[in-house]
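My request is simple: use the sequences and hints to build the entire structure.
Spelled out, the chains give:
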Amino acid sequence: MGVVYVVTSGKGGVGKTTTTANLGCGLAKLGKQVVMLDTDIGLRNLDVVLGLENRIVYDVVDVVQGRCRLKQALIKDKRFENMYLLPAAQTKDKTAVTEVQMVELIDELKPQFDYILIDCPAGIEHGFKNAIAGADHAIVVTVPEVSAVRDADRIIGLLEAAGLNEPHLIINRIRTRMVQNGDMMSVEDMLEILAVDLLGIVPDDDSIVTSTNRGEPAVLDEMSRAGQAYRNITQRLCGAEVPLLDLSEKDGFLSRLKTLFAVR
Amino acid sequence: MSFSEVLTKFFPKEEMKKNSSKEIAKERLRLVLVQDRGNSLPEDMLLNLRAELIALFSRYMVIDEGQLDMAFNKSEGEIALVASIPVVRIKN
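Quick mapping for you: the protein sequence lines, in order, are chains B and P.
With the first letter of the first sequence counted as 1, position 91 gets the number 91 in the numbering used here; the numbers rise by one all the way through.
With the first letter of the second sequence counted as 1, position 40 gets the number 1040 in the numbering used here; the numbers rise by one all the way through.
If you are wondering where the hints come from, they were derived from the structure by calculation, not from laboratory data.
Be careful, since some hints might not be right.
In silico SDA-like links for lysine to any residue, alpha-carbon gap of 25 Å or less [stated by the list, open to error]:
1) Lys129/B with Asp1044/P
2) Lys1022/P with Leu194/B
3) Lys11/B with Lys1022/P
Bear in mind the structure is a predicted one, so any value in this text is a computation, not a measurement.
Below you can see the structure in the form of structure tokens.
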């Protein structure tokens, strides 16, 4: 039976979809049977982040409304044959799917996959409730900004109220130099405020932009620091104990060259 | 030596710490979260708190339970739980 993770944040633009795509690819690379479910109906994006936008025929609304079978709507990845995407509908709205339908859908997916990752829409309304309805665990993504941490705190409260206790936190887009200068909250600062388990930290990294441009998640790029961070998180999801990524940056041309060429 | 290290040389750590924008962010977050969390306190927790307050005060005085009022107040960047407890008479 597969385990169901919902990736959520409250605030938009903190990296939910990027995180879902990277964890999905990371798990698939480790040989796991993975399906990703985009529940951001009306604003689907997981397909483009994964580079699968040209393969969509049916979507999640078609499945729950009986226009196709689940198997027909599942898009097989072009890189991993053990990874699938169930895309959101782009032309419907968030009320097109109910919580009950979502739970039924996930129950149908569970026996076929090891990991089911649900990409949750921003906000705390219908789409959020749908996304968390069938989840076993929650991954909360946030960034070191007041607004994002505030929303993460609210989301953690709502998750716990819905029975999703002990959510895992991913702190995204950490800028080491700013943290060192006291101009950005550190990992410790944020854990002190949010008081939840830390699943991983991801540095702010240009490679996320370039990999998203290409539709190739950074986790597949051995040179990418953010990719390494996601590889670590993926291993933790599989039960391995992996130390947090060392975010320290050393000044100087030589060490920068080293990090540029080092396969970490 | 990095720029930040040069800075800490000229400005003692404590000084930097107090004025850093990160400390401002943390302080603002703390306040806003107390308010957010306060507004979404579970109903039964407030009821329990109310019952315990009544029991405590009743040991020392007779109070008008019906007129007891409790609420969170925010002012000047602080959150306070304000309770108004009408006293009928003090017990001896």
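Hints, verified against the model:
Using a Cα cut-off of 25 Å, the hinted pair Lys129/B and Asp1044/P holds, with the two alpha carbons roughly 23 Å apart. Distance check on the hinted pair: Lys1022/P and Leu194/B sit about 16 Å apart at the alpha-carbon level, within 25 Å; holds. For the proposed pair Lys11/B and Lys1022/P, the alpha carbon gap of about 20 Å is at most 25 Å, so the pair holds.
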